[in-house]
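Asker: If you want the building blocks of each chain, they are given just below.
2 protein chains.
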Amino acid sequence: MGISRRTKSVDLITKEFESISGAISTTELIDRLSEQINKTTIYRVLEKLEDDGYVHSFLGKQGITWYAKCDNCTGHYHHDEHPHFQCTECGKVDCLPITVQIPKIENRTIDKTNVLILGKCNMCL
Amino acid sequence: MGISRRTKSVDLITKEFESISGAISTTELIDRLSEQINKTTIYRVLEKLEDDGYVHSFLGKQGITWYAKCDNCTGHYHHDEHPHFQCTECGKVDCLPITVQIPKIENRTIDKTNVLILGKCNMCL
DNA sequence: TATTTTACTGCAACTGTGTTGCAATAGCAA
DNA sequence: TTGCTATTGCAACACAGTTGCAGTAAAATA
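These protein sequence lines map, in sequence, to chains A and B. According to our numbering, the first sequence is numbered sequentially starting from 1. According to our numbering, the second sequence is numbered sequentially starting from 126.
Rather than coming from a laboratory, the hints here were simulated on the basis of the structure. Since this is a predicted model, take the numbers as computed values, not measurements.
Subject to a maximum C-alpha distance of 25 Å in a straight line, what follows is the list of computed BS3-like cross-link-like pairs (lysine-lysine):
#1 K229(B) with K69(A)
#2 K48(A) with K8(A)
#3 K237(B) with K194(B)
#4 K164(B) with K194(B)
#5 K112(A) with K217(B)
#6 K104(A) with K194(B)
#7 K173(B) with K61(A)
#8 K194(B) with K61(A)
#9 K245(B) with K194(B)
#10 K217(B) with K61(A)
#11 K217(B) with K104(A)
When you get a sec, could you build the whole thing from the sequences and use the hints?
Answerer: Encoded structure:
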């Protein structure tokens, strides 16, 4: 069940995603919007935007949730089957438009793969 | 700074790792040992055991910390550069003795790669 | 063995991320 | 304009993990 009404919260949050490059953590989003939207609402809107396929979520370095409106993923390819990169210097997180091959594994099926790559981004090299 | 004194807590925790196959989450370890060891101590001992290279830590599905005494990683190869597998049915987590190739990425350096594969394990197929 | 040093432990209180219940508000269709 | 109900804000909660500190106990030293 995604977004069914266009509200102030939805507008503010989508505008935030349009204005950034890369991903944003829920905590950062709450910091930026807490004077205008309650944090509970932020969590709930993000959930719905993900249902709608507008953003996707994943976990960053310390296990906190990040969201990205990734242009590289569309349609059925959506569910973040691409790796994410987090810079260990500045903390910035991006989607990587590459594919990571996972070998077949005996006696197991693979539903989903989460790949987080840690390193230095081009600004911090 | 790893373990420097052999205490009851260290014995109980290492004994737990000897008795299991695969990985164990901090929460499960606390459940099992909370009558014998305080949770703060469990967190602190795990940290030291990781410093010593006896176990390694990584994040599971919901961002909680897991530890494994993985036999496949030794010496400099230690720092969990292997993928981890979490069963979406039973929740069991294992180290996978395979290598995932990460392509070189322009304008970035790679320090570490976290790969979590979600799917069904051989018991749940 | 007795003493001393200090690593380790337990406790209580705290932090940060995320969730839940519920009453009030506000899109939007009719 | 009205009525339905999705959405919101608030307060309180849940849970993983951390911190400060005083007391305890390995283990080195005498």
